Amino acid sequence: MATEFHNLQELRHSASLETKVFIQRDYTEGTVCRFQTKFPSELDNRIERTLLEETVKTLNSYYVEAEKIGGQSYLEGCLACATAYIIFLCMETRYEKVLRKISGYIQEQNEKIYAPRGLLLTDPIERGMRVVSFTVLSVQLEISIFEDQGSGTSSPSSSSMSSTGSAR
Amino acid sequence: MPGGSSKSGGRGPSSSPLPHTVVPPSRPLRPSRYVPVSAATFFLVGSTTLFFCFTCPWLSEHFSLAVPIYNGVIFLFVLANFCMATFMDPGIFPRAEEDEDKEDDFRAPLYKTVEIRGIQVRMKWCSTCRFYRPPRCSHCSVCDNCVEDFDHHCPWVNNCIGRRNYRYFFLFLLSLTAHIMAIFGFGLLFILYHRQNIDRLHAIVTLAVMCVAGLFFIPVAGLTGFHIVLVARGRTTNEQVTGKFRGGVNPFTNGCWRNVSHVLCSSQAPRYLGRKKCVQSVCVQPPFLRPQLTEAQLAAKILDNGIQGDLHRSKSSLEMMESQSCDAEPPPPPKPELRYPGISRGNTEECSLLNNAPPTPTMYKYRPTYSPGKNHTALTHAYANQASQQPGFRSQPSLDRRDTSSDRARGGGSGERREGGREVVAGGIPGYSLGGRSYPSFSDSTVLSGVASRSSSSTHTSTGAIHVSEATTSASFKSLASQTPPPHQTSRNGSLSYDTGSREMLRFSPSHPITTTAPPTTTTILFSIARPLPHPPPHHLLQRESALLGEPHLSPHPPPANQASAPPSSSAPPPSHHHHHHHHHHHSHHHHHHSSSSSISRPPRFPAPHAPLHHAYPYRTRSTDTPLGPSSTSTSHPPNSPHPPPLGKSLSYSSAAAAEMQYRLVRKASAGGMGGGGIQAPKDELIQMKPQSRINGGQALSSTSSSCSAPSSPSHLVSVSARPGVAYPSSTLMQSPTHKTQGGGVKKVTGVGGTTYEISV
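Chains as they are written, first to last, in the numbering used here: chain D, 1 to 168; chain Z, 1001 to 1761.
Hints in this document: simulated from the structure, not taken from any laboratory. All values derive from a computational prediction rather than experimental measurement. Hints are supplied without guarantee of correctness; some may be wrong.
Below are the DSS-like pairs computed for lysine-lysine, each with C-alpha atoms no more than 25 Å apart in a straight line [what the hints assert, rightly or not]:
no.	chain 1	residue 1	chain 2	residue 2
1	D	LYS97	D	LYS112
2	Z	LYS1276	D	LYS101
3	Z	LYS1112	D	LYS112
4	D	LYS38	Z	LYS1124
5	D	LYS38	D	LYS101
6	D	LYS68	D	LYS57
7	Z	LYS1124	Z	LYS1244
8	D	LYS101	D	LYS112
9	Z	LYS1277	D	LYS112
10	D	LYS57	D	LYS101
11	Z	LYS1244	D	LYS57
12	Z	LYS1112	D	LYS38
13	Z	LYS1124	Z	LYS1112
14	D	LYS97	Z	LYS1244
15	D	LYS101	D	LYS68
16	D	LYS57	D	LYS97
17	D	LYS38	D	LYS112
18	D	LYS97	D	LYS68
19	Z	LYS1244	Z	LYS1112
20	D	LYS68	D	LYS112
21	D	LYS101	Z	LYS1277
22	D	LYS97	Z	LYS1276
23	D	LYS38	D	LYS57
Covered by chain D, according to a simulated footprint, are these stretches of chain Z (three or more residues, beta-carbon under 8 Å) [to be verified]:
no.	segment
24	1089-1099
25	1109-1122
26	1132-1138
Ranges between beta-carbon positions, derived for each pair [as the list claims (entries may be wrong)]:
no.	chain 1	residue 1	chain 2	residue 2	range
27	Z	PHE1042	D	SER41	30 to 40 Å
28	D	ALA82	Z	GLY1274	23 to 33 Å
29	D	GLY71	Z	TYR1193	45 to 55 Å
30	Z	SER1060	D	VAL32	43 to 53 Å
31	Z	GLY1248	D	GLU29	45 to 55 Å
32	Z	PHE1226	D	ALA82	21 to 31 Å
33	D	GLN72	Z	LYS1244	28 to 38 Å
34	Z	GLY1185	D	GLN72	35 to 45 Å
35	Z	GLY1222	D	ARG49	50 to 60 Å
36	D	GLY71	Z	GLU1061	38 to 48 Å
37	D	THR28	Z	VAL1073	37 to 47 Å
38	Z	ILE1204	D	ILE69	44 to 54 Å
Heads up, the beta-carbon is just placed ideally off N, CA and C, and yes, glycines get one too.
With the sequences and hints as input, model every part of the structure.
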């Protein structure tokens, strides 16, 4: 049983069809962090345009908020200077706070909107904020034959599997 | 001092660009890197300590306590900023993962232009980091990283100055200037009051400290002033020094005040490396919701099977595809393949080889700097060299390396190293990689057949190597990637691939875009066709070629929609695939002409991949060998394209073709030494072989496939336009006569339609 499960795990991990769709950065306003809201054609039949665009727009607004130069960031800088930057060991910067919010938002979006459609949105910070990637998961029918692990379970198993993906 | 203690390269991890690993790659310890930072630290700390010990006590007594306090604060500020500038990640971009690579096909351009506030800014492809550098990003050759908002690499702090630590560097400069001025000033005050007993130790030390301070003041102040101007103008040192905006407009400036506030008051930018990845455990289960599909879309989905689909790489169409690799567009990297270690395959050797897949062979990133002519020659030579060698492509590796080093545009020196390394690894099958590139327009069938024939080659290792190279190749070359590995995986499913003796391999499903990959060791027959392989892996082509050639009995096999089989029709598939290839290129590659040019330049074998198009589809349209007639009479290099088709025809059409070939052979002979016997000879042999191979069921083609890359191949390249597949087989064919005599057993493989193929092993 365990072996079989293990095989299935392997099967699942190795057989999941994953393709990636990327949304690039929008540099029209300089180096501020913005992502293109242009809908990628690969996702045409996977998700509605409005949903995706709304997600990207929300992400963009989060980034604008993170990079905003205002009172809070100025005070943070002064405090850091005054404490010889030791404060960075204890305190979380504004940007980091917003990034946490963003990753929570992405997780929520994945659960609610994207996972039911077989997509997984990844946090752009993992790729250096250069792209927003969507992992497109597909169901794959596969007949896999595993070596008999000696557990007595029959080897060939044809299964249609759902792929479980972990956002990367 | 922190700076001084970092001698042993302990800063490695912080500057590691690899997103996946914590341990950075072992880099050679370069002590010379630490000399400036050590000197700076020594002078800074040493001088200030002396100042505090010898000068400050008297000053604090005679003037006020504020003097040491002020100096202490400034010194602390200097130290803090110095440490932050030294140890903080400047904004290193992690290396792009392989799946991101596929978007930028290796034939994609070196530069991508983006418009920033109305100004065109070029984003250069970084070969080391594998992405297009964002604006203002640059690759530091010292640190071997791409750094965001790259300013410069400062030797005094032994670190790059980028987005994240520019502020600290700037403040370090400002505070250091103030500190030097303070030390010099107070030292001067001390000396002025101690003119009489200047020979006292305190005075001497103070004088020494003043000298050091005075000495460093000029460059430091100069640098500080320089950076004040840069900050005010919103430029980086890199931009200023390279004169990017000389006489032009800087699209990154927001005005003096905003620029300054951005540098000093913006929130600390996050680091990209070393973040703990939060793995989202989201359970994704079918059925998946779908937006309402239009009828047209549905129809397209049903028919296309991922072959056409959205030409723009519709990944969703892959769902029903058995094979992962079947994809019209440049498929994603073949990661899944390498993840199937547990799946037993018919060919255990293949499996084991796959498990030990060497890194992807070097597939050069085709960039504008790739010079076709040079490569052409180089490759030609390579091929010539290969002729004599057994696994045919052994000589390739060096060539590849040479080529890559010469042709590849490099973002950084390290990129070269990495790529060179990959090339070496892929050395085993360099020929394939090269071949793959040279066959841009070859249909999958060609590849498949090539692969199949490869597998049938006597040596499993070569096959395995092929697989490996396939896998690796695909990984490295975006477009190639998808094609190779997946088929192998799906062999089990019988969607494409070849299984030893299994009928599945003979099944042509239009839905299979191609690929194939792992040809079974013994049998190779692969016919795929569905999609032209945009960048068929070189070894695929070889195998296909050999397979095609080796399958004389393909004719009975009904060619699927397109030119699926007929090995001799290798020429045919390529042209047809070439068309598909065009589609692919349009969709998948930014520059189609780029691809075409690159295809020309890439594989010297296929001088003009597009050329075959002109010859139409020998496989489909040409019914006779008429093209050969005129061509054969022409001097020099008669278009080789006619040759392949007829050959193919002969294979598929039984004896009539053979007769034609013989005819052609005779005509060729009469043509005399055209364009060097070398060129002709192989062709003749090729022609000769074909009928023979047909008769003998491909006999030694498979066996000779390993030794492909016959000397004739270069000539074939020249003459046969874009028939990479043919080139290979021709080379193999040349050898086949010899092998033929050696003969091995004739293996019978039963195809899907009950056709029996005889393959001589």
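Hint check:
A threshold of 25 Å between alpha carbons decides the hint, and for D:LYS97 with D:LYS112 the separation of about 23 Å falls inside it, so the pair holds. A hinted pair counts as satisfied when its Cα atoms are at most 25 Å apart, and Z:LYS1276 with D:LYS101 qualifies at roughly 16 Å. Distance check on the hinted pair: Z:LYS1112 and D:LYS112 sit about 35 Å apart at the alpha-carbon level, beyond 25 Å; violated. In summary, the hint linking D:LYS38 to Z:LYS1124 is supported, as the alpha carbons are separated by about 22 Å, within the 25 Å threshold.
This hinted pair checks out: D:LYS38 and D:LYS101 have alpha carbons roughly 24 Å apart, not beyond 25 Å. About 16 Å separates the Cα atoms of D:LYS68 and D:LYS57, which keeps this hinted pair within 25 Å; it holds. For the hint pairing Z:LYS1124 with Z:LYS1244, the CA-to-CA distance comes to about 14 Å; that is within 25 Å, so the pair holds. Straight-line distance between C-alpha atoms of D:LYS101 and D:LYS112 comes to about 16 Å, which keeps the hinted pair within the 25 Å bound.
For a cut-off of 25 Å, the pair hint linking Z:LYS1277 to D:LYS112 stands: about 21 Å separates their Cα positions. About 15 Å separates the Cα atoms of D:LYS57 and D:LYS101, which keeps this hinted pair within 25 Å; it holds. With a CA separation close to 32 Å, the supplied pair Z:LYS1244 and D:LYS57 exceeds the 25 Å bound. This hinted pair checks out: Z:LYS1112 and D:LYS38 have alpha carbons roughly 18 Å apart, not beyond 25 Å.
The hinted pair formed by Z:LYS1124 and Z:LYS1112 meets the criterion: a straight-line CA distance of about 6 Å does not exceed 25 Å. The hinted pair formed by D:LYS97 and Z:LYS1244 fails the criterion: a straight-line CA distance of about 35 Å is larger than 25 Å. A C-alpha spacing of about 15 Å is found between D:LYS101 and D:LYS68, which places the hinted pair at or below 25 Å, so the restraint holds. With a CA separation close to 19 Å, the supplied pair D:LYS57 and D:LYS97 stays within the 25 Å bound.
A distance of roughly 22 Å separates the Cα atoms of D:LYS38 and D:LYS112; the hinted pair therefore holds under the 25 Å criterion. A C-alpha spacing of about 13 Å is found between D:LYS97 and D:LYS68, which places the hinted pair at or below 25 Å, so the restraint holds. For the suggested pair Z:LYS1244 and Z:LYS1112, the alpha carbons sit about 17 Å apart, so the restraint of at most 25 Å is met. A C-alpha spacing of about 29 Å is found between D:LYS68 and D:LYS112, which places the hinted pair above 25 Å, so the restraint is violated.
Between D:LYS101 and Z:LYS1277 the CA atoms are separated by roughly 15 Å; this keeps the pair inside 25 Å, and the hint holds. Note on D:LYS97 and Z:LYS1276: the hinted pairing holds, with a Cα-Cα distance of about 15 Å set against a maximum of 25 Å. With a CA separation close to 11 Å, the supplied pair D:LYS38 and D:LYS57 stays within the 25 Å bound. Only residues whose C-beta sits within less than 8 Å of a C-beta in chain D count toward coverage, and the segment 1089-1099 of chain Z has 5 of them, enough to reach three; the restraint holds.
Counting residues of the segment 1109-1122 of chain Z whose beta carbon lies closer than 8 Å to any beta carbon of chain D gives 5, which reaches the threshold of three, so the coverage claim holds. Only when three residues or more bring their CB closer than 8 Å to a CB of chain D does the claim for the segment 1132-1138 of chain Z stand; here the count is 3, and the claim holds. For the pair Z:PHE1042 and D:SER41, the beta carbons lie near 60 Å from each other, so the given range of 30 to 40 Å is not met. Checking the proposed 23 to 33 Å range against D:ALA82 and Z:GLY1274 shows it holds: the Cβ atoms sit about 27 Å from each other.
Checking the proposed 45 to 55 Å range against D:GLY71 and Z:TYR1193 shows it holds: the Cβ atoms sit about 46 Å from each other. Distance hint check: the CB atoms of Z:SER1060 and D:VAL32 are about 49 Å apart, consistent with the given range 43 to 53 Å. Checking the proposed 45 to 55 Å range against Z:GLY1248 and D:GLU29 shows it is violated: the Cβ atoms sit about 18 Å from each other. Distance hint check for Z:PHE1226 and D:ALA82: the Cβ-Cβ separation is about 27 Å, which falls inside the suggested range of 21 to 31 Å.
The supplied range of 28 to 38 Å is met by D:GLN72 and Z:LYS1244, whose beta-carbon atoms lie about 33 Å from each other. For the pair Z:GLY1185 and D:GLN72, the beta carbons lie near 37 Å from each other, so the given range of 35 to 45 Å is met. Judged by the Cβ atoms, the range 50 to 60 Å given for Z:GLY1222 and D:ARG49 holds: they are separated by roughly 55 Å. With their beta carbons about 43 Å apart, D:GLY71 and Z:GLU1061 fall inside the hinted range of 38 to 48 Å.
A C-beta distance of roughly 44 Å is found between D:THR28 and Z:VAL1073, which places it inside the suggested range of 37 to 47 Å. Judged by the Cβ atoms, the range 44 to 54 Å given for Z:ILE1204 and D:ILE69 holds: they are separated by roughly 49 Å.
When the structure is compared with the earlier hints, violations turn up for hints 3, 11, 14, 20, 27, 31 and for no others.
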